[in-house]
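Visitor: Chain by chain, the residues:
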Amino acid sequence: MSFRFLYQTVVHPRKVVKDLGDAPTPQYTAATLHGSLQIRHVDAGSCNGCELEVTSAFAPVYDAERFGVRLVASPRHADALLVTGPVTKNMVEPLRKTLEAMPEPRLVISLGDCAHNCGIFNGAYGVEGSVSDVVNVDVHIAGCPPRPEVIVETLRGLTGR
Amino acid sequence: MNVVYVVTVGLAGLIAAILGGALPLASRVGAAVALTWLSCGAGIAAAVSVLSSGHVISLSTTAILPLTGVTLVLNPLGALFVISISVVALASTLYWLGYASHGLDTRSASSALPLFVTSMLLVPFAASVATFLVLWEMMALTSLVLVLTDQSRREAARSAAQWYAVMTHAGAAAILLALILLSAHSGGQTFADIEAHARHLSGAVRGTIFVLALLGFGSKAGAVPLHVWLPKAHAEAPGPASALMSGAMVNLGIYGIILVGNELLGGGPVWWWLLVSLLGVVSALYGALYAATSSDLKRLLAYSTTDNMGLVLIALGASGLFGAVGRPTTAAIAMVAALLLLINHSVFKGALFLAAGAVQAATGTRDLDRLGGLMRRMPVTGVVFFVGALSVAALPPFNGFVGEWLLFQGLLHGLPTSNTSVVISVAVAVAALALTGGLTVAAFVKATGIGFLGRARSIEAAEAHEAAITMRLGAAALATLCLVLGLVPMLVLPAIERAAASAGRVSATSATGGWISLHLLGLRGVLAPSLLAGGLAIAVLVVIVIRRLTHRRSHAWPAVNPVEPWGSGRKLQTARMQYTATSFAEPLQRVFDDVIRPSRDLDVSHFVESRYYIERIAYHTSNDDVLERHFYRPFIASVRWWGQRARRLQNGSVHRYLAFGFVALVIVLVVVA
Amino acid sequence: MNGLTHVLTQVLVALFQVAAVAVGGPLLLGLMRKVRSRLEGRAGAPIHQPLLDLRKLFAKQRMRPRDSSWVFGAGPVVLVATVVAVTAVSPLVSASPPLGQSSDFFAVVFVLLLGSVLLALSALDTGTAFGGMGSSRSMTIGALCEPALLVAILAMAIAARTSNLPALVRVGISHPAVIASPARILALASFLVVILAESGRLPVDNPSTHLELTMIHEAMVLEYSGADLGLIILGESMRLVFLLGLFVNLFVPWGVADRPGVLFVGLGLLALVAKVCAVGATIAVFEVFTAKLRLFRLPELLAGGFVLALLGALTAVVR
Chain A
1 MSFRFLYQTV VHPRKVVKDL GDAPTPQYTA ATLHGSLQIR HVDAGSCNGC ELEVTSAFAP
61 VYDAERFGVR LVASPRHADA LLVTGPVTKN MVEPLRKTLE AMPEPRLVIS LGDCAHNCGI
121 FNGAYGVEGS VSDVVNVDVH IAGCPPRPEV IVETLRGLTG R
Chain X
1 MNVVYVVTVG LAGLIAAILG GALPLASRVG AAVALTWLSC GAGIAAAVSV LSSGHVISLS
61 TTAILPLTGV TLVLNPLGAL FVISISVVAL ASTLYWLGYA SHGLDTRSAS SALPLFVTSM
121 LLVPFAASVA TFLVLWEMMA LTSLVLVLTD QSRREAARSA AQWYAVMTHA GAAAILLALI
181 LLSAHSGGQT FADIEAHARH LSGAVRGTIF VLALLGFGSK AGAVPLHVWL PKAHAEAPGP
241 ASALMSGAMV NLGIYGIILV GNELLGGGPV WWWLLVSLLG VVSALYGALY AATSSDLKRL
301 LAYSTTDNMG LVLIALGASG LFGAVGRPTT AAIAMVAALL LLINHSVFKG ALFLAAGAVQ
361 AATGTRDLDR LGGLMRRMPV TGVVFFVGAL SVAALPPFNG FVGEWLLFQG LLHGLPTSNT
421 SVVISVAVAV AALALTGGLT VAAFVKATGI GFLGRARSIE AAEAHEAAIT MRLGAAALAT
481 LCLVLGLVPM LVLPAIERAA ASAGRVSATS ATGGWISLHL LGLRGVLAPS LLAGGLAIAV
541 LVVIVIRRLT HRRSHAWPAV NPVEPWGSGR KLQTARMQYT ATSFAEPLQR VFDDVIRPSR
601 DLDVSHFVES RYYIERIAYH TSNDDVLERH FYRPFIASVR WWGQRARRLQ NGSVHRYLAF
661 GFVALVIVLV VVA
Chain S
1 MNGLTHVLTQ VLVALFQVAA VAVGGPLLLG LMRKVRSRLE GRAGAPIHQP LLDLRKLFAK
61 QRMRPRDSSW VFGAGPVVLV ATVVAVTAVS PLVSASPPLG QSSDFFAVVF VLLLGSVLLA
121 LSALDTGTAF GGMGSSRSMT IGALCEPALL VAILAMAIAA RTSNLPALVR VGISHPAVIA
181 SPARILALAS FLVVILAESG RLPVDNPSTH LELTMIHEAM VLEYSGADLG LIILGESMRL
241 VFLLGLFVNL FVPWGVADRP GVLFVGLGLL ALVAKVCAVG ATIAVFEVFT AKLRLFRLPE
301 LLAGGFVLAL LGALTAVVR
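Residue numbers (the working numbering), protein chains in the order written: chain A, 1 to 161; chain X, 1 to 673; chain S, 1 to 319.
Calculated directly from the structure, the hints in this document are not laboratory data. For clarity, every value in this text was computed on a predicted model and none was experimentally measured. Positions of the beta carbon are idealized from the N, C-alpha and C atoms, including for glycine. Mixed in with the good hints, there may be bad ones.
For the chain X half of the interface with chain S, some residues (derived, Cβ under 8 Å), not all of them [said to hold, decoys possible]:
1. Val441
2. Met577
3. Ser599
Computed cross-link-like contacts, SDA-like style, restricted to lysine to any residue with a CA-CA straight-line distance of at most 25 Å [unchecked claim]:
4. A:Lys18 / S:Ala59
5. X:Lys571 / A:Cys47
6. X:Lys571 / A:Gly126
7. A:Lys18 / S:Lys292
8. X:Lys571 / A:Lys18
9. A:Lys89 / X:Phe660
10. A:Lys97 / S:Ala59
11. A:Lys89 / X:Gly569
12. A:Lys18 / S:Ile47
13. S:Lys292 / A:Ala73
14. A:Lys18 / S:Val288
15. A:Lys97 / S:Ile47
16. S:Lys292 / A:Val72
For reference, chain A alone in the conformation it holds in the complex (with noise of 0.2 Å):
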């Protein structure tokens, strides 16, 4: 490991981070952050889609760690709870019991058309119903799947950095 390369990666990265502009004005007053949004992320039944746009959020280019957010592994260290997907029929109660599970004060994020009315998957067998017809919705992020600039703007919207 030589001191080149712990200079280019340690003090001065290479910009692969994309600079997001300021912070949007903090449109959603369900939850005081003081700037500390951690969020327990559940997959209700979707095509995979939105997560591979959540997880090109939280990577190198967008990068919403900088912005006080982080995926953590328990309801209970989590604010907010992400939903993905329709609730398939096998979803509905894992569901609320990861949202019961979740300490107050605490949000509901919907992303992608599949969580907010069931997208293509609209009157499939298996599928219950959309996200808010299981448990009360705070936040919805729109598209299919939605963009990572989109979700992190959402985001930045909550924690106000």
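Start from chain A and add chains X and S according to the hints.
Guide: Only chains X and S this time, still in chain A's reference frame:
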């Protein structure tokens, strides 16, 4: 006055036994307990007067044993043991009042228990070979009766009693041999005579005597490889009896080693103490490992006794070693550490066994895999076990920590030396201490966490009731003593110093201090247990206050919300999904697989119609004691085999038997001539 | 009056050390995350982000499992209290901390162990499989760390003829040759392995994993929320800072205040911050390039640490 105390100890115990056997059900336990208390009280009074004045009490009479006479002398070392035994006995007999209805109110139990306590109290008084052996035997027999309590319902108790009976008598035989050798060469059988003549014995004889005594007393103390009876007997004995056996009887094993090694023989060469240390290291590691992998609550506690006795043996060995190479300061510290470890062990092990007895009485089982959630159903017992567990794990602010610290200091300051055997043994001892400490912590987190915390794993545990008030009082008394001794070890240190001094070859005081801190004399080492505990208490209060203050009360949700545990959102969460004791210990067991060698049995049965469809899988694993499985059982099997073959000698012919007698007589005459 | 001012200054120094470690813990956590992010090519959260996280956590609702007992709530409290108690009396900023003569290395280790034990017990109190798993693995690693740790302390204590912690630091300042002695170097190498194991850093445990079956320490805290979780995060980060602070003061003691005076204490703080940040950043860099060890390879790692410590102890004796 002192003589009156001594007589009261014996007499009160005897009357207690008689009343316990004679009175009707309603009053026998109460009378026995009251008189046992009198006996213990007299013992404490005698011991306190010896420790405070420094004079010994002596009493000898030919009334009871006409041929040899009974000689009783109490020196400071014995006094210390008397006090520790009395304390455990007081708590255990109080506990017995509440426990009696679980099978301990029979005539045999009510007379055996007081007699057991009295014989244990009198062993440190014994000052002649005959007195000692009579009391030793009485102690063994009465405890055997106690193990066999309610044995018609428990097969395991019978087997445990068999092992116990055989091994304790084998140990007694070794002790008998050692003491007889001593008295034969000394021309008298009182300990005073023996001490006076001991230095004239040859090195080989002294060595033999010491090794025999070490084996005999070590077996009683639970030293590996002679410990096999301990997990069986201590686990099968009923609550107060197991507390007495683990908290008081094993102490007498150590007393015997100090008696023979230090007092009677007056110290010895380096190899003696290396042997003691070796036994200690092996016992500590073995006991801690088996405690960590055991799922039977009382068996776990019994193996922990082996572990702690191993630590005491390490300390004793270190003390003798340092004394033999000419470092009296560290020898003194090590001896004080040994005695402090012993006293601490009595107190916390007594508390643990009493709590375990309460759990067994309330749920009917000792299996940790079937317990759980008891902290809410039995709060006092739970807290007692919690305190005892933290004490065994040598965690501040309880008493186990001070003893371990003192031992570490003794080993540490003994190290800058040029003697290779000392260097190696001390380094090995420290490593062993550390590993056993870690394993003990794991074992007791398992015992407390699986047994008392979480959710109940069986109906019996879910419906357990708190123990009777006397049981709670007895157990809580010992637990409180754990805390008090941890905060103010100076309460017992002067007594221990006197006792260590009377054990010979050690300097008068090694550690001093006031109520706050403990200083090592002549060395740089200071510990302030009460300050430490005070600091912890203040920190805890501060943290709790901060937690309260930072919570916003303006919202509608409750401050602390009891909810379903988070189980990844699965629909059904049962108590059986929790970790069991076996699963908790599994990583450790895997690491030490080669030592423990658990036996595993996998039975897969298929459907008749097709080999590919499995009907039932049964998995059986057991952690039998590896020494028992690989040495004792083959040995017993071979003895049995030889016995079978020897039957051929007995063909019923009187002529042959007469011939045997004649040949034996001729051989004896030849040898004696 | 002299006695009173002395006591007052001691209390102030203690509070100062505790405050420094309490603020420094989350900051160190933030720094290590920042370094990792940078090496991964991201910008990463700002260094003070964990402080914001804690501020938010302390205002959230606390939940406890229905069948848990008082032990569940006691776990986080005792964890933080033990670290606070040892921080107040240890030679981090000053080489003569309050109650310095009773500040024994063995006592410090056992007090920290008390915190770990209470955390493991409270994990078992949750009544979930995760709690038991985290507790079991954590206790196994703890049991195997103990020999390495205690023999390392022995190795350092033999040379200095005492196990008193400030004395060990002071002997490094007054006799620099002691620091270069093989005993101390080997002991500190072993101590570093133990620090990584006890604080749950790679290669022993991945602190940011989401896969429950790979968790060791995280599995114990899955059930905590609100102020309890905040206390646990604070306690763990304070413990890391404390252990690293001891490590650097035993290895590179220059900068520690060995004379009384506000200037010296301030310099001591700066030195501590600089040294701990350097070690923390190095550990973060090391973590990026290391994979997590299999659980059953850990005994080999810890045995290696033990052998290092044992060699250190033997070289300390055979001078």
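Visitor: Hint by hint, say whether it matches the structure.
Guide: Against the structure, the hints:
1. Val441: 6 Å, holds
2. Met577: Status holds, d = 5 Å.
3. Ser599: Serine 599 of chain X check fails; min Cβ-Cβ to chain S is 21 Å, beyond 8 Å.
4. A:Lys18 / S:Ala59: Distance of about 33 Å is beyond 25 Å: violated.
5. X:Lys571 / A:Cys47: 23 Å, holds
6. X:Lys571 / A:Gly126: 18 Å, holds
7. A:Lys18 / S:Lys292: With Cα atoms ~31 Å apart, lysine 18 of chain A and lysine 292 of chain S exceed 25 Å; violated.
8. X:Lys571 / A:Lys18: Given that 25 Å is the threshold and the Cα spacing comes to 42 Å, the pair is violated.
9. A:Lys89 / X:Phe660: Violated - the C-alpha atoms of phenylalanine 660 of chain X and lysine 89 of chain A are around 90 Å apart, more than 25 Å.
10. A:Lys97 / S:Ala59: 23 Å, holds
11. A:Lys89 / X:Gly569: 14 Å, holds
12. A:Lys18 / S:Ile47: Given pair lysine 18 of chain A, isoleucine 47 of chain S holds - Cα atoms ~20 Å apart, limit 25 Å.
13. S:Lys292 / A:Ala73: 18 Å, holds
14. A:Lys18 / S:Val288: OK: lysine 18 of chain A and valine 288 of chain S at ~22 Å, within 25 Å.
15. A:Lys97 / S:Ile47: Violated, at roughly 34 Å.
16. S:Lys292 / A:Val72: Satisfied, since the Cα-Cα distance of roughly 19 Å is no more than 25 Å.
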